[in-house]
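S.K.: Produce the entire structure from the sequences given, and follow the hints as far as they go.
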Amino acid sequence: MSEDKKKILVLFAHPSQERSEVNKPLFTACQQHGDVTAIDLYREYPTFHIDIDKEQQRLIEHDVIIFLFPLYWYSTPAILKQWQDLVLEYGFAYGANGHALQGKTFLCAVTAGGSEAAYQKEGYNHFSIRELLHPLEQTASLTGMIYLAPFVLFSARSAVEEDRVNAHIESLRHLLTALANDTLDVETASSLPVLNTNLSNLFNA
Amino acid sequence: MTAYFIQAFIYLCAAVIAVPLAKRFGLGSVLGYLMAGVVIGPIIGLVGSETNTLQHFAEFGVVMMLFLVGLELEPRMLWDMRNKLIGLGGLQIGGTTAIITAAGIYFGLSWSIALTVGLIFALSSTAIVLQTFNEKALSKTEGGKNAFSVLLFQDIAVIPMLALIPLLALPELVEQAQAAVGQAAQQHEELSLVAGLPGWAYGIVVMLAIAAVVVGGHYLSRPLFRYVASSGLREIFTATALMLVIGIAALMSLVGLSPALGTFLAGVVLANSEFRHELESNIEPFKGLLLGLFFITVGAGIDFGVLASNVGPVLGITAGVMLVKALVLFVLALIFRIKNSDRWLFALSLAQAGEFGFVLLSYTVQNHVIPTDLAQILSLVVALSMFLTPGLFIFFDKVIVPRFEHFENDREADEITENGTVIIAGIGRFGQMVNRFLRANKIDTVVLDHQISQVENLKKINVKSFYGDATQPDLLHTAGIEDATMLVIAIDNNERAVELTKYVKHTYPKVKVFARAFDRGHHFELKHAGADFIISETYHSALELGKEALISLGVHPFKAEQKKATLRELELCYKDSLFESWKKKTEDSKYSAHFRELFIELETAIAKAMKSDHFDEQARVERGWTPPPKDYEKRMNRDE
Ligand SMILES: Cc1cc2nc3c(=O)[nH]c(=O)nc-3n(C[C@H](O)[C@H](O)[C@H](O)COP(=O)(O)O)c2cc1C
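Residue numbers (the numbering used here), protein chains in the order written: chain A, 1 to 205; chain B, 1 to 640.
One thing to keep in mind: the hints can contain errors.
[As the list claims (entries may be wrong)] Restricting the straight-line Cα-Cα distance to at most 27 Å, the calculated cross-link-like pairs of lysine-lysine (DSS-like) are:
#	chain 1	residue 1	chain 2	residue 2
1	A	K121	B	K634
2	A	K121	B	K630
3	A	K24	B	K564
Since the hints were made in silico from the structure, they are not lab data.
M.R.: Rendered as structure tokens:
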């Protein structure tokens with residue numbers, strides 16, 4: 001059974017982890033999951049000097065790629081952008097011979113300070129998270145990856161006080177397991193605005 | 001003894017007054033020496049009969065000059081330039097010699113004299129031309145570079161000329177000489193190893209002598225220099241260099257060959273040696289003085305009587321020679337596609353006869369090739385043409401350049417500025433890293449060190465490195481400090497590093513000085529001396545180790561990197577004020593009270609900055625990825 005399992009790569013980006021309330025435990029959960037390779041990008045590349053070959057090799061060796069990050073200015077923290085700019089080379093990720101990522105699954109696991117209500121047309125952020133992450137969605141499309149709806153924790157700054165963190169971690173664990181066992185309803189998962197509203201409905205038996 | 005002192009004083013005095021004056025008027029030092037000679041000789045009459053003896057002595061300067069020419073001739077460089085050297089240089093000498101020889105025969109000279117005169121006038125003045133190029137920044141132009149190839153070829157061509165000229169000796173002149181010698185009874189017979197040997201044996205001896213110079217130069221010189229260098233005594237190295245040159249000259253004379261030829265060969269053999277720069281800087285002053293003396297004797301030997309009675313011929317020949325030379329050069333420039341104003345520069349700059357002309361003239365007279373009275377006139381021609389050279393450059397500047405101005409502007413674009421060489425003084429562990437890094441990035445470096453073992457190790461891995469004391473201006477000069485973009489100072493003597501910085505920043509303000517400091521005090525001294533960039537040798541490695549320590553004690557690597565940067569910034573912030581108060585430090589105590597205060601202030605600031613980002617209440621004031629307050633959305637709503 002374990003041979004058939006999908007391999008998951010989590011790329012985690014958080015520049016001030018000693019103050020992180022949700023991402024840090026989420027990352028720990030990833031590290032503890034048996035089917036996940038969990039990489040702390042800021043730890044591995046504190047000077048932003050990313051090893052392109054090593055990162056490309058990692059991508060090749062995994063079937064599911066997850067970006068785990070707090071939403072910073074409606075986008076990823078800087079190192080994840082740096083990572084994309086360097087690693088997703090022409091001839092590797094796109095272009096005539098760039099098929100390395102074809103058919104892999106891509107997911108963003110995001111925490112946002114703003115509430116779900118804020119991430120709506122009428123809210124003060126005016127756009128949904130999925131809309132704001134369009135650049136990543138399009139990147140997945142260009143590189144031939146299946147894009148799943150983002151897995152989001154809203155109102156992340158008050159999640160500890162309101163006791164929502166553990167449930168979120170639990171959901172992530174289930175999601176990782178489903179991805180590894182390939183029991184996720186991918187079609188639905190890629191059409192939703194966010195992944196976690198009714199997550200358990202997406203798990204096939 | 002007194003007489004010698006007085007004479008030496010007169011010569012030196014004339015040189016000291018005339019040479020700087022000549023340079024100031026753009027005439028170059030060769031003309032300065034000549035004028036000095038003219039003044040103390042024919043004009044004031046302070047010196048006289050002894051000039052002839054002195055000239056023989058001074059000719060040794062020529063031998064040294066050829067040794068230095070040989071040293072400059074790296075085989076690889078010659079190979080790279082072979083087309084221009086042989087094409088331009090060969091045709092220039094060939095063409096000029098042919099035309100002047102023909103003219104000489106036409107005016108009734110015998111062919112051997114005419115040919116000798118042709119050869120003498122084919123040469124131009126390396127000293128004047130290169131110096132003028134340097135002063136007017138023309139060295140890097142097309143015209144300048146091509147002129148340089150021709151001059152280089154001429155310098156080399158002197159060697160075969162020296163070999164050829166004795167063969168042209170006139171029987172009647174030789175007879176006269178021998179008669180004179182006979183009268184003086186043969187007590188003066190020159191030492192010789194080859195006198196009375198049959199032809200084949202002579203041939204073998206000559207071959208052996210040359211082989212000795214080449215093989216000895218290649219295999220024996222290095223151990224010898226190494227042995228001497230390890231003694232660390234500068235003057236012994238100088239003595240060794242002189243011993244080498246004089247020894248070879250002696251050997252060559254013994255077997256009846258030209259000493260200049262021998263030392264030239266030795267120079268070429270040593271051109272690739274790591275001792276090249278040190279040899280150059282040791283021989284250079286002797287050569288300079290002796291050549292200067294040589295030119296003074298030439299000036300002093302000018303006979304105004306001859307000039308007065310031959311004004312017409314001297315002027316005529318000078319004009320003729322310069323015209324022929326310029327014409328040949330101009331045609332060559334056309335053939336070799338040297339364009340626009342460069343063509344004119346090439347033709348005009350080399351139109352004079354040169355200092356080698358004097359050398360060859362006195363050599364021809366000794367070898368009974370040219371009668372003395374003709375040599376006198378020709379000497380005047382050489383001198384006059386050299387005096388006219390600055391005029392030609394002025395003509396070029398004022399008349400030629402303006403005519404081509406609009407072309408020049410088109411051409412500007414393809415003149416890529418070379419990024420120049422970096423001289424690295426001191427090649428211990430620090431200098432080596434810098435050198436490796438620069439070379440890996442295709443920067444030309446020249447490495448200097450006074451420890452022969454270091455230099456040898458680097459030679460083994462093909463790094464261009466030279467033995468010598470980098471704080472000696474001479475060595476810096478031969479290493480090319482004038483044209484270098486940067487000097488990296490990584491020598492292990494603190495005071496000398498400061499002196500070197502001062503000297504270079506003062507003498508060559510355009511050269512950037514990047515220096516390694518031992519500690520903070522040294523850092524300030526270097527800064528005060530004008531260094532452009534200074535790094536304390538332990539600073540970065542200590543910070544790096546500190547950072548790694550933090551990481552291994554559990555601090556996140558990215559955080560540790562930030563803390564390192566914070567510390568650096570703080571240091572930077574305080575650096576200037578620390579430096580200012582260091583400058584004002586009182587004479588008696590090394591660190592003034594204010595300096596100490598600042599130091600304490602810096603320490604507390606560092607401690608505070610490092611503490612402030614602990615995970616506690618202080619976190620609110622930390623900058624950098626600070627998340628918004630927990631209730632920020634509520635606050636925003638309130639504002640609305
Ligand atoms: C530099 C910065 C930019 C941020 N930008 C946004 C943003 O655009 N939208 C948002 O909802 N929250 C934003 N936040 C809030 C973070 O998303 C929030 O602090 C984080 O998700 C909390 O997770 P953590 O406790 O693991 O750090 C920002 C926070 C920081 C520090």
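S.K.: Each hint: holds or not?
M.R.: Okay, the hints, checked on the actual structure:
no., hint, verdict
1, A/K121 x B/K634, "19 Å, holds"
2, A/K121 x B/K630, "24 Å, holds"
3, A/K24 x B/K564, "23 Å, holds"
Violated hints are absent here; each numbered hint is respected by the structure.
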